[in-house]
Amino acid sequence: MFFCEKLGRDLHPILRIKKILHSTESKYQRIEVLESENFGRILVLDGAVQVSEKDEFLYHELLVHPVMHAHDSPRNVLIIGGGDGGTLREVLKYDVERVDLVEIDAEVVKVARKYLKSIHADSFD
Numbered sequence: 213m214f215f216c217e218k219l220g221r222d223l224h225p226i227l228r229i230k231k232i233l234h235s236t237e238s239k240y241q242r243i244e245v246l247e248s249e250n251f252g253r254i255l256v257l258d259g260a261v262q263v264s265e266k267d268e269f270l271y272h273e274l275l276v277h278p279v280m281h282a283h284d285s286p287r288n289v290l291i292i293g294g295g296d297g298g299t300l301r302e303v304l305k306y307d308v309e310r311v312d313l314v315e316i317d318a319e320v321v322k323v324a325r326k327y328l329k330s331i332h333a334d335s336f337d
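Heads up: the sequence shown begins at 213 in the numbering used here, then just goes up one per residue.
It is possible that part of the hints are untrue.
[Unchecked claim] Taking lysine-lysine and the PhoX-like style, the derived pairs with C-alpha atoms no more than 20 Å apart in a straight line are:
| # | residue 1 | residue 2 |
| --- | --- | --- |
| 1 | Lys326 | Lys266 |
| 2 | Lys266 | Lys231 |
| 3 | Lys231 | Lys326 |
| 4 | Lys329 | Lys305 |
| 5 | Lys239 | Lys322 |
| 6 | Lys329 | Lys266 |
| 7 | Lys326 | Lys239 |
| 8 | Lys329 | Lys231 |
| 9 | Lys326 | Lys230 |
| 10 | Lys266 | Lys230 |
| 11 | Lys329 | Lys230 |
[Unchecked claim] Distance ranges between label pairs, derived from CB positions:
| # | residue 1 | residue 2 | range |
| --- | --- | --- | --- |
| 12 | Leu274 | Arg310 | 22 to 28 Å |
| 13 | Leu233 | Tyr306 | 29 to 35 Å |
| 14 | Cys216 | Pro286 | 37 to 43 Å |
Calculated from the structure, these hints are not laboratory results.
Cβ atoms here follow ideal geometry from the backbone N, Cα and C, with glycine treated the same way.
Based on the sequences and whatever the hints tell you, model everything.
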């Protein structure tokens with residue numbers, strides 16, 4: 213089985229998929245978790261890859277650490293989106309007092325909690 217994402221007129225990466233772990237339609241979007249051969253579990257929203265286990269750190273670490281280091285003493289953090297929990301995981305590596313994560317689609321968080329523990333590392337708890 214294969215998954216193909218159209219990223220433009222001439223770019224269509226194809227991933228070999230071992231298994232579809234989850235597929236549902238929420239109020240906002242289609243949510244899928246796929247088990248791939250080379251990237252581990254992949255979160256797909258409306259046909260677009262959001263994150264994969266094997267390379268998620270590239271996105272989440274570069275999203276969080278430059279911003280956190282640019283501030284002398286970050287205390288309160290607001291994450292808009294981030295339903296996979298990877299950004300939250302990285303923010304919680306700092307001595308912050310409060311983190312609010314606002315995700316429009318609660319189903320994304322629910323699915324991530326169940327299938328993407330390697331990404332969120334129980335940071336929702």
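Status of the hints after comparison with the structure:
Simply put, Lys326 and Lys266 have alpha-carbon atoms about 18 Å apart, close enough for the 20 Å limit, and the pair holds. Proximity of Lys266 to Lys231 is assessed by CA-CA distance (about 16 Å); at most 20 Å being required, the pair is judged to hold. Distance hint between Lys231 and Lys326 is fulfilled; the C-alpha atoms sit about 16 Å from each other, no more than 20 Å. Of the pairs offered as hints, the one joining Lys329 and Lys305 holds, with about 16 Å between alpha carbons and a cut-off of 20 Å not exceeded.
The suggested pairing of Lys239 with Lys322 holds, with an alpha-carbon distance near 13 Å, which does not exceed 20 Å. With a C-alpha separation of about 13 Å, the suggested pairing of Lys329 with Lys266 holds against the 20 Å cut-off. The straight-line distance between the Cα atoms of Lys326 and Lys239 is roughly 19 Å, inside the 20 Å bound, and the hint therefore holds. A distance of roughly 17 Å separates the Cα atoms of Lys329 and Lys231; the hinted pair therefore holds under the 20 Å criterion.
About 18 Å separates the Cα atoms of Lys326 and Lys230, which keeps this hinted pair within 20 Å; it holds. Proposed proximity of Lys266 and Lys230 is supported: the alpha carbons are some 15 Å apart, at most 20 Å. With a C-alpha separation of about 19 Å, the suggested pair Lys329 and Lys230 falls inside the 20 Å cut-off, and the hint holds. Between Leu274 and Arg310 the Cβ separation comes to about 23 Å, which falls inside the hinted range of 22 to 28 Å.
Checked against the hint of 29 to 35 Å, the C-beta distance between Leu233 and Tyr306 comes to roughly 31 Å, which is consistent with it. Cys216 and Pro286 have their C-beta atoms about 40 Å apart, which keeps the hinted 37 to 43 Å range intact.
Of the numbered hints given earlier, the model fails none.
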